[in-house]
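Starting from the known structure of chain A, fit chain B onto it as the hints suggest.
Number of protein chains: 2
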Amino acid sequence: MTSTSSTAGTLARASLNTATVKHTSLAEAVAAAARAGLGWFGPWREQVAELGAVEVRRIIEGAGLGISSLCRGGFLTAADPKGIAATIEDNTHAIEEAEALGTHELIMVVGGLPARSAPGAGPRPDATAADRDIVAVRARVADRLADLAPIARAHGIRLVLEPLHPIFAADRAVVSTLGQALDLAAPFDADVVGVVVDTYHVWWDPDLRASIARAGAEGRLASYQVCDWNLPLAADALNSRHFVGDGYIDFATITSWVSEAGYRGPIETEIFNEDVWAAPVQETADRVARDLSEFVLPYVS
Amino acid sequence: MTSTSSTAGTLARASLNTATVKHTSLAEAVAAAARAGLGWFGPWREQVAELGAVEVRRIIEGAGLGISSLCRGGFLTAADPKGIAATIEDNTHAIEEAEALGTHELIMVVGGLPARSAPGAGPRPDATAADRDIVAVRARVADRLADLAPIARAHGIRLVLEPLHPIFAADRAVVSTLGQALDLAAPFDADVVGVVVDTYHVWWDPDLRASIARAGAEGRLASYQVCDWNLPLAADALNSRHFVGDGYIDFATITSWVSEAGYRGPIETEIFNEDVWAAPVQETADRVARDLSEFVLPYVS
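Here the protein sequences come in this chain order: A and B.
Going letter by letter, the first sequence gives residues 1 to 301 in our numbering.
Going letter by letter, the second sequence gives residues 1001 to 1301 in our numbering.
The shape of chain A in the complex, shown without the other chains (with noise of 0.2 Å):
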């Protein structure tokens, strides 16, 4: 399945993913995002891990969708030889996913400090001033992508960076804006190094115009993906995430600047929030579409 211009503006061109339903079976998930309208889906390792990706990729293509990425590689940032390895060693695990599923884009999340003592949580009894070097850790992430990209190649899987909100710079991602994923890809072929534009992540930054446009001139917007920014945070800013159009988000403009970029591939609506965990699934794949053709979609070239 593939998008053309003429689904422009569609539900042919939003996508599902899976974090937003995360209790509810993968069949069950795909169905009723089928029967929402939408064109795609977006499973997670999760998934993979239960399934196969065979089982998988019957699952989602059998109702008729497209797969959009793989969520999620990553997690660059360790600093020992040991733990340099299982980055490797589980990255290509991976890869080798996304190939079997038939996606182009693994999406990856860099990860945080090593002076993190868990997601969420302060720092390590013990973390010392070399595991608070932010310039460092991000070095490293640069070393693992020399790393892993001639894999990623090998296999015709692109990696796809997910600059993630300032507030998750200690905790999950040391990379934070788009224009810094970009520096990150430049080194690689835009077929093997992309970028990832997150409304929740990046909405924002003052160069959000410019880094959607530079993402698009150097071929490496690899996927689009929505949901608002709200407030209060949750107790767990992670699950934080809401429905486009119930917060602040300027969905009309950011989803005008994707699509001058050239971006023509899959929307996908990725929310992690614990009351849209608890809704019926068709209830939330019906919102999903809703949400999509009144705030992005018409904003769509």
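Hints listed in this document are in silico derivations from the structure and should not be mistaken for laboratory results.
Any given hint could be a false lead.
[Stated by the list, open to error] FRET-style restraints, in silico, Cβ to Cβ:
1) B:Gly1062 <-> A:Pro187: 54 to 62 Å
2) A:Lys82 <-> B:Pro1187: 47 to 55 Å
3) B:Ala1118 <-> A:Ala210: 27 to 35 Å
4) B:His1023 <-> A:His23: 42 to 50 Å
[Unchecked claim] What the simulated footprint calls covered on chain B by chain A, stretch by stretch (three residues with Cβ under 8 Å from a Cβ of chain A suffice, anywhere in the stretch; the number is not a length):
5) 1225–1238
6) 1247–1253
[As the list claims (entries may be wrong)] Mimicking SDA-like on lysine to any residue, the simulated pairs with C-alpha atoms at most 25 Å apart in a straight line are:
7) B:Lys1082 <-> B:Thr1128
8) A:Lys22 <-> B:Pro1232
9) B:Lys1022 <-> A:Pro232
Virtual Cβ for every residue (Gly too), placed ideally from N, Cα, C.
Chain B in isolation, oriented as in the chain A frame:
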């Protein structure tokens, strides 16, 4: 009182911002700062409103401390003529208060999106697409700076733009990076519009080193504020600031960048944190002095 090279790396450079001890009277807070050996004190407009600028100045200078800055003006994002007029009037008062205090630096938090219902809460039910147009809101910030700069100049005051962490982009400040603040300051003389580096807000920024160097080269580095980023976030993210050394920030590196950029002014600890506010004021002032001596002052030149 001035800072000279002879005070480099000593507590004579250190300032206590009154927001760190907000449930204490100004006189008690100033006395605690003086006993802890700090050389400076940073009041807010609340104390000026309560006691008058003359009395605030008498209390701080009477204890042998300098006044490092006044917090804060700003909130420049109103779109309607009445709101714009009120913004100019309020900031003119802030400029006059800074002059009466004898400080040169008026810290400015520029304000969030007009869509907001309240700080820390979601959008108003009647918020429009225009209320979410962050590009237009930023243009209004530039317009208000153009209105206020001549007034500041006439009073010998510098408007000091504070980029806030992107977690606050919706409700408190559409200026999120130091580079963006410098771009907004660029049309004005360095003595009229400057910037502040607050570690909490900018530690994650991949362009931080370059932006600090630029701020120094342009003569706009007006203040250096320190506190730490830790997880989990407090229920009100605004009050999630921590003692230096308790979190993820690499103070050695950022402090050395600020020093290399030529900054020789006060180094101010500003912590919003319910636990810190509940502690005895002298304990807090002593902790501030100890943390600065361990994590910050050794890297000052």
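Q) With a Cβ-Cβ cutoff of 8 Å, does the segment 1225–1238 of chain B contain at least three residues near chain A? A) holds (count 8)
### Message
Assuming the hint says 47 to 55 Å, is it satisfied by the Cβ distance from lysine 82 of chain A to proline 1187 of chain B or not?
### Response
Hint holds: Cβ distance 53 Å, inside 47 to 55 Å.
- Message: Taking 8 Å as the Cβ threshold, is the statement that the segment 1247–1253 of chain B is covered by chain A upheld or broken by the three-residue rule?
- Response: holds (count 6)
Quiz item: Between glycine 1062 of chain B and proline 187 of chain A, does the beta-carbon spacing fit 54 to 62 Å?
Solution: 60 Å Cβ-Cβ, so the 54 to 62 Å window holds.
Quick one, are lysine 1022 of chain B and proline 232 of chain A close enough, alpha carbons at most 25 Å?
holds (23 Å)
Fill in: Given hint proline 1232 of chain B paired with lysine 22 of chain A - CA-CA distance at most 25 Å
holds (23 Å)
Checking one constraint from the list: CA of lysine 1082 of chain B to CA of threonine 1128 of chain B, max 25 Å. Satisfied? Given pair lysine 1082 of chain B, threonine 1128 of chain B holds - Cα atoms ~19 Å apart, limit 25 Å.
> Between alanine 1118 of chain B and alanine 210 of chain A, is the Cβ distance one that fits in 27 to 35 Å?
Replying inline: Given about 32 Å between the Cβ atoms, the range holds.
Status of the given 42 to 50 Å range, CB of histidine 23 of chain A versus CB of histidine 1023 of chain B: holds (44 Å)
Of the numbered hints listed earlier, not one is contradicted by the structure.
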